[in-house]
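Below, each chain spelled out in residue letters.
2 protein chains.
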Amino acid sequence: MKNTKFPDRIKNLRNYLNEEKIDAIIISNEENRFYFSGLRSSAGYLFVTLNDLYLCTDFRYTELATSQAPGWKIERITSRFDWLPKIIKDCKVSTLAFEAEFTTVNTHKFLENTINNSNLKISLIPTSDIALKFRAIKDEEEINLLMKAIEIGDKAFEYTEKNIQVGMTETEVAWIFEKSVREQNAESISFDTIVASGKNAARPHHATGESKIESNSTIIIDCGAKYHGYCSDLTRTIVLGEANEKIKKIYDIVHMAQLAAIDLVKVGMTGEECDSIARKIISESGYGDFFGHSLGHGVGLNVHENPNVGPKSKYVIQNNMPFTVEPGIYLQDWGGVRIEDIVIIRDNITQVLSKAKKINL
Amino acid sequence: MKNTKFPDRIKNLRNYLNEEKIDAIIISNEENRFYFSGLRSSAGYLFVTLNDLYLCTDFRYTELATSQAPGWKIERITSRFDWLPKIIKDCKVSTLAFEAEFTTVNTHKFLENTINNSNLKISLIPTSDIALKFRAIKDEEEINLLMKAIEIGDKAFEYTEKNIQVGMTETEVAWIFEKSVREQNAESISFDTIVASGKNAARPHHATGESKIESNSTIIIDCGAKYHGYCSDLTRTIVLGEANEKIKKIYDIVHMAQLAAIDLVKVGMTGEECDSIARKIISESGYGDFFGHSLGHGVGLNVHENPNVGPKSKYVIQNNMPFTVEPGIYLQDWGGVRIEDIVIIRDNITQVLSKAKKINL
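As they're listed, the protein sequences go chains A and B.
Each residue of the first sequence is one higher than the last, beginning at 1 in the working numbering.
Each residue of the second sequence is one higher than the last, beginning at 1 in the working numbering.
Chain A with its partners taken away, still in its complex shape (with noise of 0.2 Å):
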């Protein structure tokens, strides 16, 4: 058996078991099973026990699970735990934890109904958070894909603030970003590019539509590149034509208050002491109605993904664990500010992994 990609990965999963006193584990989330596996593929599951790693996935990917996934049993499955009595029993397994926040009420009445008419005496333990909870912490061919997604996103932005111009719609700006993503061998966006422009950039979660973009008023471009899974996200504000002396007052805020973020935050602190440190300074300036969403979140094979660096999280903030830091402010009928770059603490000392330029207003 050839070894495993991703040794470190697995041997998290099996210190979990081995702690909870856990026999295996069903790993059926899209993104875990890439994490844990190598192998890329829309269906299937892993099994894996203290001694056994089990891939199980239908004909479209067994050929290439045995090249992508070195070390895992391949079991090619027809139907949706027709695999899972004989594994059960060659590894003699009697505790079996499942995704119970990825699994669905169906699969599940399922899974119970393979083992029971297997005559299996099994105990089904539902777990949530557990790959998610490795996940935050990458590992260095992670950081390496993660980088190459910041810097493929980066250079699209700057390619689209060169052609952005007053008139084109907020949809057209957004292709603009998504074809210079492609074109540099990306696979894809990493999510629906938001571009908001005068009143709608007063709205944080706009949906990139037909409105035009206005002169002498606010921008905002929320954009992200995928590279191998991994997904950028970046958000720049610009101005085209003049910014008048409110809009100066609020870039400053929302820049102040995300340097000091970034400055100040070290491993060991929480998600809301981080968030605070922004947070304090727009409250500071009588701003603090309008930061109406967390300062950040962590990033990897999911835009949004561990750590939540938000008002309420006392998740504890690690080495490599990268996560964004990007505070806003949005006024109604006026428009809004946010700027949001991806950092990561490295041997304790913090990294701004974003590169595209923000303005000089």
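It is worth saying that the hints were derived from the structure and are not from the lab.
Certain hints may be false.
A partial selection of chain A residues facing chain B, derived with a Cβ cut-off under 7 Å [what the hints assert, rightly or not]:
1) Arg-60
2) Ala-100
3) Thr-103
4) Ser-123
5) Ala-202
6) His-205
Ideal Cβ placement from N, Cα and C applies to all residues, glycine included.
Since the structure of chain A is provided, determine the placement of chain B on it from the hints.
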């Protein structure tokens, strides 16, 4: 209260509640929420009783919901089921259905806890395939949107076919298709485009990659566009250079099988019966073992939905139920041929909605 956008769709759902003696249903699936309400949103729930319609969504969508989902009471939600107890009491609900194929074990647990913590006496009823069953038969608005999606996909395919060249990578060809789709104002492609050249064409679900387009062998392009939520799906097999006798022979068998199925399919047939028309021709030509997938599937808000048109399907084909007809023959180390159109029977007359030209070998 304004009229809802889709009264017939809601009537179907209420007939179901009535027949099953269920007081209310929670609709959580994204496409199903759009189907009944008219609002496209990434999160939220519909709560439907015989008398009331509630659309529960977060701050990002409440404003949009007011305009896009007329006739629904809009509830702004802040956590998963905070909105539920009051509505259950107001509507005097005692039996409550939910979509068991789209609700995770964790969400179901939250639902149970919310009900228990509010001292409500509710029977929770798992249901499956309710909306999906209605969605198989399309109304006029849906057929028009689907036809538009097909038109965009057809044009993008023909553009791709004009521009494909020997030596390009499969990924480059897929990108030509996608750019054309997007530049026609479709929202996206409807699934990852399959471009499979040479031996790769022997794999029906080949993952488009860096392989180069070859001459004198078959190239399968399986592609679709998404327009206002509706998905098209088209496959053509082309050859750059010379098609030898074997290619011509296999292409003709697949094409004949496809035309026969389109010619003979009738309202009232099962999916299995329709599938067997094409399968018989391929089997009698000696290639029965090399057509390893179903003849077709329904298309709509999902690119794969009811009806299943395959070997074991008892699904009955009806008027206004669009589906694909896509026989194929795949020979390892040689390549493959697949030809796919979307057809619909209207007033008992079969129409081929796909118009992209087929090759003349």
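Quick rundown of the hints versus the structure:
no.	hint	verdict
1	Arg-60	holds (4 Å)
2	Ala-100	holds (4 Å)
3	Thr-103	holds (5 Å)
4	Ser-123	violated (15 Å)
5	Ala-202	violated (11 Å)
6	His-205	holds (4 Å)
Checked against the numbered hints given earlier, the structure breaks hints 4, 5 and satisfies all the rest.
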